[in-house]
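*Asks:* For the protein sequence lines, the chains are A and B, in the order given.
Numbered by the numbering used here, the letters in the first sequence go through residues 1 to 180 in order.
Numbered by the numbering used here, the letters in the second sequence go through residues 181 to 533 in order.
FYI, nobody ran anything at the bench for these hints, they're computed from the structure.
C-beta atoms are modelled at their ideal positions from N, C-alpha and C, and glycine is treated no differently.
All the given hints hold, so there is nothing to weed out.
In silico lysine-lysine, DSS-like type, Cα no more than 25 Å apart, as pairs:
(1) B:Lys529 x B:Lys480
(2) A:Lys84 x B:Lys529
(3) B:Lys530 x A:Lys84
(4) B:Lys470 x B:Lys405
(5) A:Lys86 x B:Lys529
(6) A:Lys154 x B:Lys184
(7) A:Lys153 x B:Lys184
(8) A:Lys112 x A:Lys84
(9) A:Lys86 x B:Lys530
(10) A:Lys80 x A:Lys112
Chain B regions said to be covered by chain A (calculated; three or more residues, Cβ under 8 Å):
(11) 350 to 361
(12) 433 to 447
(13) 518 to 527
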Amino acid sequence: MRHDVFIAGYGGQGVLLAGNLLSYAAIHEGKNVSFFPAYGVEKRGGSAMCTIVFAEGDTGSPVVGHPSASIILNQLSFDKYAAKVKAGGVCIINSSLVNCEGIDLPDVKLVKVPMNQIALELGDLRMVNMVACGAYVAATGALARPSLEEALKKTLPERNHRLIPANIKAIEAGAAAAQG
Amino acid sequence: MSTKLFVKGNEAVAMAAIEAGCRYYFGYPITPQSDIPEYLSRELPPLGGEFIQAESEVAAINMLLGASATGVRCMTSSSGPGISLKQEGISFMAGSELPGVIVDIMRQGPGLGGIDASQADYWQATRGGGHGGYRIIVLAPSSVQEMYDLTMQAFDLSDIYRIPVMVLADSVIGQMKESIVANPRPVTELPAKDWAVRGRREGQSQNVVKSLKLGDGEMEAFHWKMHARYQELADKECRWEELQTDDATLVVTAFGSAARIARTAVAMAREEGLKVGLLRPITLFPFPQKAYTQLTRHCKRLLDIELNTGQMIDDVRLSVAKDAEVEFYGRPPGAGSLPTPEELLEQIKKHYS
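Please build the complete structure, drawing on both the sequences and the hints.
*Replies:* In structure tokens form, the structure reads like this:
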């Protein structure tokens, strides 16, 4: 089974870290992984995107025109990329920042999670990407949640390992919100 | 199962260089390859190696020439404008029969261009971008695993044939991260570097490494010797990958990042019942001519896909059977010009008959 997921937001929301986390989780599950980043030259505020493909076998193209799952963290990315999600796919949006009233995505499962709000309630807005990853695994079942917890050890530098329990909480909260 | 690492293509190049025994790197930063010098600036000194950020690309390639002349394994890397600057030095290395690995993570051009993925330097790489009429081995990785494996092989090929080797990729392959197995260096029998200049000891004859050949007939003999070596490379070292070509009506041919995208397009075409295959050259020089000759005995239609307006297609056309048709789909490099597998599938359908 080949899975692909596209993540987009603005620089500083942790798009690339989220992509790395999902990649390590897939590797933990014995899959082959391709992680293809694209981002502006700005440190914060520019656009940041990445595509992750994982599969038991060949990952194929790192470039995906119509992803089967998208995680959209801000309005700009929603306006630009939400319509690209493949029919039968999942679009997980950060409803704290994205207004999708009146927009029709036929054949796409729209999962609205107030990611900023959840992260803030847990004490730090910077965990918005963790909430997003939790929502992704709950909405798609493409990866097991414990794999994300394992992946945190690889994704975060040692000095930040003390933050792992807080991040796990954020992943769980995102998953719970996606399951509604 | 061996442990899988998760690394960037550029980092895989640097890791492989170290595993291959390269301890000397000379370079100058340029996007999208700066991860290579960054990695080596950190990792080479603790191993007793030397990392030098030269004052320019011209200096770096001449440092490579000098280090190589002493018989050590060494590498430089750059992109677009930097590779252009290095051409003089590459020509001098070719003229001096010096090994050495040059990594080119292509960017757009001409001129300063931009940093997006590009295959616009196929001609420059495969025709020998400098003066004098020489060829160098050109390897085109299509995955991070191949960035690792082919960089390692580049050092052996370079030593065996005494010829510079270029690893040619772009920002798709250089910047993406993939799960890889960092294979240990294979045991390869290598010729002794008895030509190296290491300081003459009592009773030993003098070694001279130079590209100036003024003797009567000396240069002509050199050219015929190199001509024979290029032929030997064509006979022994062509590498390519074929995917589902046996029963194919249409075969897509592409290298590097374009081949990577085409791979999925071919799989999508197969899912729709179209008999489509993929032929991916791994060595761009020597070009795997025989693969095309054999293939076009039974498959008469090829679709060449490149991230430029058509460069490798020259070699493809020279290699196929006379009655084969070679179609082309190109996407010249630039922001927003990277084709998706879905777009390539459309092209496959257009040319499939």
